[in-house]
Each structure stands twice: as structure tokens, then as C-alpha cells.
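Peer 1: Each chain, letter by letter, is given below.
2 protein chains.
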Amino acid sequence: MSMVYQRVALIGLGLIASSMAHAMRQHGLVGQIVGYAKSPETRAAARELFCDKVCDTAAEAVQGADLVLFCVPVGAMGPLAAEIADHLAPGATVTDVGSVKAAVVEAIAPHIPQGVHFIPGHPLAGTEYSGPRSGFATLFQNRWWLLTPLAETDAGALLRLRNLLQGIGANVEEMEIEHHDLVLAVVSHTPHLIAYTMVGVADHMRRVSQQEVIKYSASGFRDFTRIAASDPTMWRDVFLTNKDAVLDILGRFAEELFVLQRAIRMGDGEQLHAYFTRTRAIRRGIIEAGQDTSAPDFGRASPAAGGGKEDKR
Amino acid sequence: MSMVYQRVALIGLGLIASSMAHAMRQHGLVGQIVGYAKSPETRAAARELFCDKVCDTAAEAVQGADLVLFCVPVGAMGPLAAEIADHLAPGATVTDVGSVKAAVVEAIAPHIPQGVHFIPGHPLAGTEYSGPRSGFATLFQNRWWLLTPLAETDAGALLRLRNLLQGIGANVEEMEIEHHDLVLAVVSHTPHLIAYTMVGVADHMRRVSQQEVIKYSASGFRDFTRIAASDPTMWRDVFLTNKDAVLDILGRFAEELFVLQRAIRMGDGEQLHAYFTRTRAIRRGIIEAGQDTSAPDFGRASPAAGGGKEDKR
Numbered sequence: 001m002s003m004v005y006q007r008v009a010l011i012g013l014g015l016i017a018s019s020m021a022h023a024m025r026q027h028g029l030v031g032q033i034v035g036y037a038k039s040p041e042t043r044a045a046a047r048e049l050f051c052d053k054v055c056d057t058a059a060e061a062v063q064g065a066d067l068v069l070f071c072v073p074v075g076a077m078g079p080l081a082a083e084i085a086d087h088l089a090p091g092a093t094v095t096d097v098g099s100v101k102a103a104v105v106e107a108i109a110p111h112i113p114q115g116v117h118f119i120p121g122h123p124l125a126g127t128e129y130s131g132p133r134s135g136f137a138t139l140f141q142n143r144w145w146l147l148t149p150l151a152e153t154d155a156g157a158l159l160r161l162r163n164l165l166q167g168i169g170a171n172v173e174e175m176e177i178e179h180h181d182l183v184l185a186v187v188s189h190t191p192h193l194i195a196y197t198m199v200g201v202a203d204h205m206r207r208v209s210q211q212e213v214i215k216y217s218a219s220g221f222r223d224f225t226r227i228a229a230s231d232p233t234m235w236r237d238v239f240l241t242n243k244d245a246v247l248d249i250l251g252r253f254a255e256e257l258f259v260l261q262r263a264i265r266m267g268d269g270e271q272l273h274a275y276f277t278r279t280r281a282i283r284r285g286i287i288e289a290g291q292d293t294s295a296p297d298f299g300r301a302s303p304a305a306g307g308g309k310e311d312k313r
Numbered sequence: 001m002s003m004v005y006q007r008v009a010l011i012g013l014g015l016i017a018s019s020m021a022h023a024m025r026q027h028g029l030v031g032q033i034v035g036y037a038k039s040p041e042t043r044a045a046a047r048e049l050f051c052d053k054v055c056d057t058a059a060e061a062v063q064g065a066d067l068v069l070f071c072v073p074v075g076a077m078g079p080l081a082a083e084i085a086d087h088l089a090p091g092a093t094v095t096d097v098g099s100v101k102a103a104v105v106e107a108i109a110p111h112i113p114q115g116v117h118f119i120p121g122h123p124l125a126g127t128e129y130s131g132p133r134s135g136f137a138t139l140f141q142n143r144w145w146l147l148t149p150l151a152e153t154d155a156g157a158l159l160r161l162r163n164l165l166q167g168i169g170a171n172v173e174e175m176e177i178e179h180h181d182l183v184l185a186v187v188s189h190t191p192h193l194i195a196y197t198m199v200g201v202a203d204h205m206r207r208v209s210q211q212e213v214i215k216y217s218a219s220g221f222r223d224f225t226r227i228a229a230s231d232p233t234m235w236r237d238v239f240l241t242n243k244d245a246v247l248d249i250l251g252r253f254a255e256e257l258f259v260l261q262r263a264i265r266m267g268d269g270e271q272l273h274a275y276f277t278r279t280r281a282i283r284r285g286i287i288e289a290g291q292d293t294s295a296p297d298f299g300r301a302s303p304a305a306g307g308g309k310e311d312k313r
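Residue numbers (the numbering used here), protein chains in the order written: chain A, 1 to 313; chain B, 1 to 313.
What the hints contain is simulated information worked out from the structure, not anything from laboratory work.
Where hints are given, some of them may not hold.
Derived lysine-lysine pairs resembling DSSO-like cross-links, with alpha carbons at most 27 Å apart [as the list claims (entries may be wrong)]:
(1) K215/B with K243/A
(2) K38/B with K53/B
(3) K53/A with K38/A
(4) K243/B with K215/A
Hey, can you work out the whole structure from these sequences and the hints?
Peer 2: In C-alpha cells form, the structure reads like this:
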């Protein structure tokens, strides 16, 4: 694949930025990778692992870059955008990887000077790990990368960014900003909050020791702890900045939960059975869409069981 | 390994029974495997796949068996126990695999004749699949199998059953009946109900299509759909028979969720961050206890990423 950008500036050097760096380099898509992060430890790790150059300020990092990638928690984007505004090269593209899009546009767009292209984005990829040592080149392989272009977005700049993202293996889709935030509240943000809550409940139980919770987590709870182990700062910012959509979905969730809770209290087996039967259909759709494995035991069984292959895509 | 039981009767021939049959046979732990299931289709599949003999009634299946294994939903156990009571061989052991123990003891124990040993049990293993074709021999490998013996349980019979379960690779632990039901309400039953609920909410959304939910499920929601795809009849019975413990935990869950919901509404980032930081510790404990992999991306990334090995135990 040929080079898409000459010089990429990574603002923030955690899981997503380090994975981007490894992926762009592996596919020969960029010339130079320059980085900035707040913490000196992170900067040192990035220098050692995946950056050609690491700067002590964001303003210095973006100088001469034709692509600037914001890879910091949503809450940190506004101040950083203000900081770099005067140092952006004419014709450069600025994008971000925030999980919320309306709030990011509000924070970044006002600082973008005439002649610089701002294209908000969001890769649906991640792990429970964070930091500059957690990245790997295949993180975005076959994952969605949503772009939410603004009305005034330049078609050429958009195409160029798409080329980069497709080059690292992502499936790029465009989406309307408000709709993105609602969809993500359903498929990601609210599930995360619920997982955090359930893990918190287990942590507070007096009659069940934490030792027991850990020991017997195999069925059900284990998946919650994986979700609830994600980066606290990133998730705090997601909930604070996608407040309306999350509160909307949480309200619906509480209603449904109370209906099921009442069915349990009343012993209404028919209602429970009908509900549990409907939810199976969505799962089947996800497997058919190739978003997950159909291996038994969620692919966790030993390979001898025929369940060891996690990903059948 | 040498033979532990001469003749095992499997009552119910779904995921757990078929996995037991494959495992017991593979390790040479039993002589003959006899089965019974309500549905003729299931009986035919079991005859073809893993049973030496399949009977049309449970009473016939248990005749001459020195181990009888109840592998049916909790709600079906009482009537079946009444049906087989007069046909149990003296000295036989009766056990079950129900996810709830107090209700099972209440349903089965009154029917067990003098001289037959009833030892309630519960393997913490399963997949989202069900039926006689879903079983595999390694399902119980390194998984917990909890036994909740009664005060009068015969020590010799208990040891013999432990030998069988350890023989198929399970880690056997004994637990008090009420405590079992509370622990499971925390680590399994309530998480399942919550996952069912979240999947139901997504299903009901008008502004987000089911197509979108499926397409973008990668982060967070996918784990919920896996949990929510489990057998509806089994789970209906779990909630109806472990009602008190589940309602207790659900009440706590709703309280905690409202606290976090309020923090979001009020914009209290500190509280959210502190909460999300605490939940990470439990996750670390689970990885250290060997209950899950620490591979990035939950072990779903391609092997090239170093994350392809799901299970590091």
C-alpha cells in the first residue's frame, strides 16, 4: 500500500494511538509518526516503542503534520484543541477517536482554523487494557471505524482519511452525529455502566466474600468484569459527555428490569420464558453478521473441544 | 482411570448430560450410559451420539443404575423424582446439575427412598447452546463442580461421586445450600437477568434498528447477547426457584445503578471515576485466580496480535 500521509501527529499515546502507530507502520501508510502525551512516562514508552519523535508539547507535535489524531479522553480534547490551533499546517486533517461525537465536535470544531479539515471519528475497537504498551497492529482489523463528517467536510480530505483507515483493516462507515451517540449509548455506553454497577454490587456484598466472587465468576459475571475493567477516565468522560442518550437508555433499562423483577416476584414463568426467547434472536443475528464466534462455551473451551477457535470470520 | 459407576442413568439429555456422557466415556469412568428425555427427537439424537441405551420413561432408565444424574431444568425435577422413586436401586446415588440448590432439595429429597444417597450438585460450566448435539467432553475441565451435601449424606457415596467428577476434570468443592444460592445469585443469576434486560431494551428501540445493534455490537453489548442467548427454560426456572436471593441482589443493583445514574445527571465525574477504578481490582483478581485470560481484546484478536490464545490456564 502506498503512503497516505507524510507526517502523523498522535495526541495522546495510549491503547488506540499505539495500535494506530503499529498498524500504520506495518502497512507503510505514513512517513513519520510524531507523538505527544501529558505523562513523561508515557512519552518515554512511546519513544521507545512506536514514535519516530515525541514532543513535550502538543503544539510542537502537530507542526508540519498533515494528519492530527486526537487519542485522549473526550474531556481532554477541548483544551488540547485550543492549544494546537495556531500550529496546525494549512490543509491538514484533524480527526479523533472519541466514543462520543456531539460533545467532541462542540469541543474541537470552534478551534479549527480555516483551511484545516476536521473529521470526527470513532473506532469500535478496544480492549480492557490501556497505556502505550497495550497497543497492537491488528486491533482495528475487521472492526468498524465510524466517521461523522460535518456538513462542510471536504470530500477529498474525507476520502484520504478513509484510505488510511481502510489501509489498517478497518471497515469505515459514515453516520450522522446525533445518531452515532444514540446507537453507541445502546450498544456500548449503557452496557458498560451496567457492568460497572454489577461488579460494584458484588464488591459490596458482605455475606459473599470477594474471594468467592472471583473464584466462581465463570458463568455470567466474568464477562461483566471484563467490560468493567476498561479505562476509568475514558469512561467517566463518555458518561459525562453522552449524558442525554445514556440517561434515556438507562431509563428504559430500569423500566424493563422492573417488569422482569415483578415477573419473578409474581412467579410469572410465561412472561420470563417469552422474554428470554426473544433475546436469543438478536444473538443469532450477531453471529450471522460475523461479529462474533459461534464456538461453544464462548470459544473458551480447550482447542481439543473444538471450541478453541475464537474468531471464525 | 478405573471405573467408578457400573451404570449411569442420565435424566434429561441436553448440553450438560451429553457433555457428561462424552467425558465419562473418554475417561473410562463408567460401564454403561442409559438415558431418558421427554422429546423423541432428543432421545433419537442421544441414541445416535452418546447413550448405550435410551428409554422411553425415566422409571425404566434408572433401573439398575448405581448413579442417577438429573440434567433437566430445575422446575422439572420434582415430578421426575416422584416418577422414578420406586425404581431406584438400593445403594444408588442420585445427584443433579441444577443451578439452584434449596429448591432442588425441596423437590427431590422427599422422594428419595431409604438406602439411596441423594447428593445435590451444580457444575459451573455451560455454553449458550443447548440440546443433545451441543455437548463436548472437555466442558467441565478445570471448572468448579459444587456439591451441597445434606446433613445425612453418606461419606462413602460422596467420595465416590467426587471421584467421578474429578475424573472428568472438574474441581469439586462443597458448599452450604443457602450460601450456594446466594453466591450464584451474585455471580450468575442476576448478571444473566441484567444481560437479558439490556438485550431486550435494544430490541425495543425504535430509533436504533436491530440491524445497527447487531452491526455495532462489538464493544460491550456483544458479551450481553452471549449471556442472554442461554436456554430460556433453564433460566426461567432459575429465577422462579431462586427468587429471594435474586430479588435481594436485584434490589441492591437498582440502588447502585440509581447512584451512578444520579452522578451522570449531576455531572459528578469524581464519583464515577472512583467507582470505575474500584471495579478494576476485581477483574485483576479474576485473572490472577486463573478464571480467565489476560489476552488483549478479551482474547478475540487474531493470533498475530499475541491475543489469540484464549485460555492461559
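Peer 1: Take the hints in turn and mark each one as holding or not.
Peer 2: Here is how each hint holds up against the structure:
no.	hint	in the structure
1	K215/B with K243/A	holds, 23 Å
2	K38/B with K53/B	holds, 15 Å
3	K53/A with K38/A	holds, 15 Å
4	K243/B with K215/A	holds, 23 Å
Figure legend: structure checked against the earlier numbered hints; every hint is met.
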